[in-house]
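> Residue numbers (the working numbering), protein chains in the order written: chain A, 1 to 199; chain B, 1 to 199.
Computed cross-link-like contacts, BS3-like style, restricted to lysine-lysine with a CA-CA straight-line distance of at most 27 Å:
1) K137(B) with K196(B)
2) K196(B) with K101(B)
3) K23(A) with K16(B)
4) K16(A) with K16(B)
5) K37(A) with K23(B)
6) K101(A) with K23(B)
Partial list, derived from the structure: chain A residues whose beta carbon lies under 7 Å from chain B:
7) S9
8) I43
9) I48
Away from chain A, derived, C-beta distances all over 10 Å, residues of chain B:
10) R59
11) T146
12) E158
13) R172
14) I185
Rather than coming from a laboratory, the hints here were simulated on the basis of the structure.
Ideal Cβ positions, reconstructed from N, Cα and C, are used throughout, including at glycine.
2 protein chains.
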Amino acid sequence: MKTPQALESVIDALKKLPGVGPKAAQRMAFHLMQHDKGAAQDIAEALINALSRVRHCERCNNFSEQPVCDLCQSSNRDESVICVVEMPSDVQSIEQTQSFKGHYFVLLGRLSPLDGVGPKEIGLDRLITRASEDVVKEVIVATNFTNEGEATAHYISEKLIPLGLNVTRLSRGVPAGGEIEYVDIGTLAQSIIERKSAD
Amino acid sequence: MKTPQALESVIDALKKLPGVGPKAAQRMAFHLMQHDKGAAQDIAEALINALSRVRHCERCNNFSEQPVCDLCQSSNRDESVICVVEMPSDVQSIEQTQSFKGHYFVLLGRLSPLDGVGPKEIGLDRLITRASEDVVKEVIVATNFTNEGEATAHYISEKLIPLGLNVTRLSRGVPAGGEIEYVDIGTLAQSIIERKSAD
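Same shape as in the complex, but just chain A:
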């Protein structure tokens, strides 16, 4: 009875955000109602707007407001390379590097048989269809370097290599600015195995 029901509902709803527990949700709700009703309004409106407008691109699965996203429609991108990622946020990260000018395919997940996520769920048929287009020469499989991500990459590679495609994977190694002393052993081992000639 200390907190009005309407406020309690806000707290309950905010708890559904990733990384937000009961205490943080309460702090957010109280903050919005006491100090920033404008922000509360903005959040509500932005969510409602996004719910009605954001969908997945028919071609690459990335978020889009049109049936086919800007990136897939762009004439400035290299159609011969497709970068396969798990999540829309991965597209975001790779775009920020400005090191890739090809197209994407977002799996919206990774193979995880125990959770019932098989090749169908990650749209592998659609990926194969796209990768079979004549213009495509290379597929960069940029799934995460986790166990599931690696297994997914392996599975995808096995399906795509027979199509005569150049299937690649992101390099692993010491991160930019990394000090040898503090790099974990697995990464260091990888960077020794995959060492490059110093030219």
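Use these hints to put chain B onto chain A, whose structure you have.
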């Protein structure tokens, strides 16, 4: 162009939540749109509902859906004690202790002359009017033990003591479960000065 405008607006709006930076806001927005559209709907609806229904209690300033809150209307609470706190969240915390059965007055802030927050802004006149009611015998000044909270407590005490009220402040000392070794020096000093007879 990588993120649709509608999604970008969600990220911008979520950044206004306390403790949420650009990266967390992006993660939340992507999560909602990809995995939990129901939660997005719930949050939007809860906020809109709360914005239209939650107000401040006319008597204690706490959040309420009615002009006077449940707590102020309750006949089970001791009207002779008023606990003065800075924020509605403080009421929440004190209620959780189940150690206080009196009434509250929420300042909705603390004295902070540099920010233009004076006695008027924290509703001191209303507090004095309420504390002047015959039934009131004690006022517990439970502002924070920060510099501003202490200054506010001092100021309030000076106004209330002349009214013949018993004005008290929460005790300070070693926290429950606290180990002497790890308690900060200021707290330990306080707990020595305010030591109690072991009975």
